Structure formats: C-alpha cells, structure tokens
Amino acid sequence: MKTPSVHSKKPQEALELKAIIASLLDQARDKVSFVDRDAPDDIFTLDIRMLHEAVHRLHKMQAKPIIVSTAKGREYIDYICPHCHDTITQRRKGQKEGLYRPKYHDSCGQRLNWEKMVICGKLKIKKSEASK
2 MKTPSVHSKK PQEALELKAI IASLLDQARD KVSFVDRDAP DDIFTLDIRM LHEAVHRLHK
62 MQAKPIIVST AKGREYIDYI CPHCHDTITQ RRKGQKEGLY RPKYHDSCGQ RLNWEKMVIC
122 GKLKIKKSEA SK
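In the numbering used here, the protein residues as written are 2 to 133.
These aren't lab readings, by the way, just hints derived from the structure by calculation.
Note that this is a predicted model, so its numbers are computed, not measured.
Wrong hints could be hidden among the right ones.
Claimed, not checked - Straight-line distance between alpha carbons at most 16 Å, and here's what the computed EDC-like set of lysine to aspartate or glutamate pairs gives:
1) K61 with D43
2) K61 with D107
3) K32 with D48
4) K61 with E17
5) K32 with D42
6) K32 with D43
Based on the sequences and whatever the hints tell you, model everything.
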C-alpha cells in the first residue's frame, strides 16, 4: 500500500491537517486532569504547552488568503498578512508590473495563498486588478 507523500498537494491534505490539529487539542484536554496544581512545572503542564505550541505552528502551515486593502483617494493597494496583519507588499493602482508574492510572510512565517484574496476597503476593485 502506498503512503501519501508529506508534500502532496491533494485536497485531503487540508482535511488531514485539521484532523491532526483536533487530535492534538484533544490530547491537551485529556492531560489537564493529570496536572498537579501545586507543581506548575510538572511534566503534564509541559506536555500541554508543547501540544498547544504544535497546534499554533500547524495553523501557520495552512495557507490563508491574502487581505487586499484599498481606500478611496489612496494611491496604493496594500497586501496584508491574514495572521499578523502587517503589510506584505504594496503597489500603485494601475501598476502593470509583477507583484512580490512570497509563499510565506517574512515577519511571522504564515503560509500565504495568493490565489484567494479577501478584498477590504471602500474602493471597489476587481479581483483581476488586485492580483496583477
């Protein structure tokens, strides 16, 4: 039987990642009953912290859509990280050249999905204008 590759890009990959996250959170909840309240540094408390950290890092591995921010009277379109809300890059409206599109945000490490974009702002722009 073939085992799926770690780097496969099948739709089931996202489902498997959600199942892994749910399992880790369930394990963390199970360990809470074993925590010694008088000893905050016991092994179960450390396990719970590590499980929550693993979940946090797995969430960052899931590609999230870029937030596109526009405003009336503003000359630029901002492309914003969905995790930390920092500006990834920006460009002038109507600019035809390529756009800097990293796979991961340089500041926080969030995986980015440039195919899906969430357009925010008062100025209505077309998806094709946002993604040039």
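Results of checking the hints against the structure:
1. K61 with D43: Violated - the C-alpha atoms of D43 and K61 are around 28 Å apart, more than 16 Å.
2. K61 with D107: Cα-Cα ~13 Å, so holds.
3. K32 with D48: Distance ~8 Å between K32 and D48 Cα, so the pair holds.
4. K61 with E17: holds, 15 Å
5. K32 with D42: Answer holds: K32 to D42 is near 14 Å, not above 16 Å.
6. K32 with D43: holds, 11 Å
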